[in-house]
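Given only the sequences and the hints, what does the whole structure look like? Please build it.
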Amino acid sequence: AQKVTQAQTEISVVEKEDVTLDCVYETRDTTYYLFWYKQPPSGELVFLIRRNSFDEQNEISGRYSWNFQKSTSSFNFTITASQVVDSAVYFCALATGGGNKLTFGTGTQLKVEL
Amino acid sequence: DAMVIQNPRYQVTQFGKPVTLSCSQTLNHNVMYWYQQKSSQAPKLLFHYYDKDFNNEADTPDNFQSRRPNTSFCFLDIRSPGLGDAAMYLCATSRDGGRTQYFGPGTRLTVL
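From first to last, the protein sequence lines stand for chains A and R.
Note that my numbering has the first sequence beginning at 1, numbered continuously upward.
Note that my numbering has the second sequence beginning at 115, numbered continuously upward.
Do not take every clue at face value.
As the list claims (entries may be wrong) - Some chain R residues well away from chain A (every beta-carbon gap over 12 Å; in silico):
| no. | residue |
| --- | --- |
| 1 | Thr127 |
| 2 | Val133 |
| 3 | Lys158 |
| 4 | Asn169 |
| 5 | Asn177 |
| 6 | Leu197 |
| 7 | Gly218 |
| 8 | Thr221 |
To be verified - In silico DMTMM-like cross-links for lysine to aspartate or glutamate, where the CA-CA straight-line distance does not exceed 25 Å:
| no. | chain 1 | residue 1 | chain 2 | residue 2 |
| --- | --- | --- | --- | --- |
| 9 | A | Lys101 | R | Asp191 |
| 10 | A | Lys38 | A | Glu59 |
| 11 | R | Lys152 | A | Glu59 |
| 12 | R | Lys158 | A | Glu44 |
Hints in this document: simulated from the structure, not taken from any laboratory.
Yeah, the Cβ is synthetic: ideal placement off N, Cα and C, and Gly gets one too.
Below is the structure:
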């Protein structure tokens, strides 16, 4: 069975602070995919990144960066110099092999204040 | 731009009155999904179509049905909505399994 844990229910930061959202996953499959989605108050789930289990390279995209570590089964997401527009719920998710089902974590509500 | 479209964005129905939510996509993806998301919870997969093959989740109530008349369109039918069915309904698509799912803006359903 697959499981994704996002232990942080809610995080509040002041604008321009860096913030890291944690994600820990469990799976017995050797082939799997990890995702981060952003859900702003409007409700749409916006795809941010996909990582497959064979690629442990960290990735940076503008102010966003992701740290994938198989040794600790973690796929953490860092926002540098946070902005108010980053306020949203962020979901980490896992898909295994050729499966069609995303296993979501419970989400982390990020609030960025002025 | 290629996208996933959901109509309507907001739907109000009465207890027990059938309702249909629609989803269309211009991505030409072969897999389409329906999720239910209640307040402060993660999305929950109801079912998905892999091409024309319908795949129901074991815990999806019989009250929920789906139709996919062609590649581009997929419908969610709620035969007799209860108060507990009030939620955001999200449609998503992907090219094959295990691939990135792209979500529509969702339909927020209110049951009176």
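Next on the checklist: If we take the beta carbon of Gly218(R), is the closest beta carbon in chain A still more than 12 Å away?
Outcome noted: violated (7 Å)
Checklist entry - For Thr127(R), which was marked as not at the interface, is the minimum beta-carbon distance to chain A over 12 Å? => result With a cut-off of 12 Å, Thr127(R) remains clear of chain A, as the shortest Cβ separation is near 18 Å.
Checklist entry - Taking C-beta pairs only, is Lys158(R) more than 12 Å away from all of chain A? => result It is violated; Lys158(R) is separated from chain A by about 8 Å at its closest Cβ, not greater than 12 Å.
Checklist entry - Straight-line Cα separation of Lys38(A) and Glu59(A) no greater than 25 Å? => result holds (17 Å)
Checklist entry - Just checking, Asn169(R) versus chain A, shortest CB gap more than 12 Å? => result violated (7 Å)
Checklist entry - Straight-line Cα separation of Lys101(A) and Asp191(R) no greater than 25 Å? => result Holds: Lys101(A) and Asp191(R) sit about 21 Å apart, inside 25 Å.
Checklist entry - Checking the smallest CB distance to chain A, is Leu197(R) really beyond 12 Å? => result holds (20 Å)
Next on the checklist: For Asn177(R), is the shortest CB-to-CB distance to chain A above 12 Å, so the non-interface label stands?
Outcome noted: holds (21 Å)
Item to check | Thr221(R) non-interfacial with respect to chain A [C-beta, more than 12 Å] | outcome: violated (9 Å)
Checklist entry - If you draw a straight line from the CA of Lys158(R) to the CA of Glu44(A), is it 25 Å or shorter? => result holds (14 Å)
Checklist entry - Is the Cβ of Val133(R) farther than 12 Å from every Cβ of chain A? => result holds (18 Å)
Item to check | Lys152(R) paired with Glu59(A) [C-alpha distance capped at 25 Å] | outcome: Given that 25 Å is the threshold and the Cα spacing comes to 32 Å, the pair is violated.
In the structure shown, a violation is registered for the earlier hints numbered 3, 4, 7, 8, 11, in ascending order.
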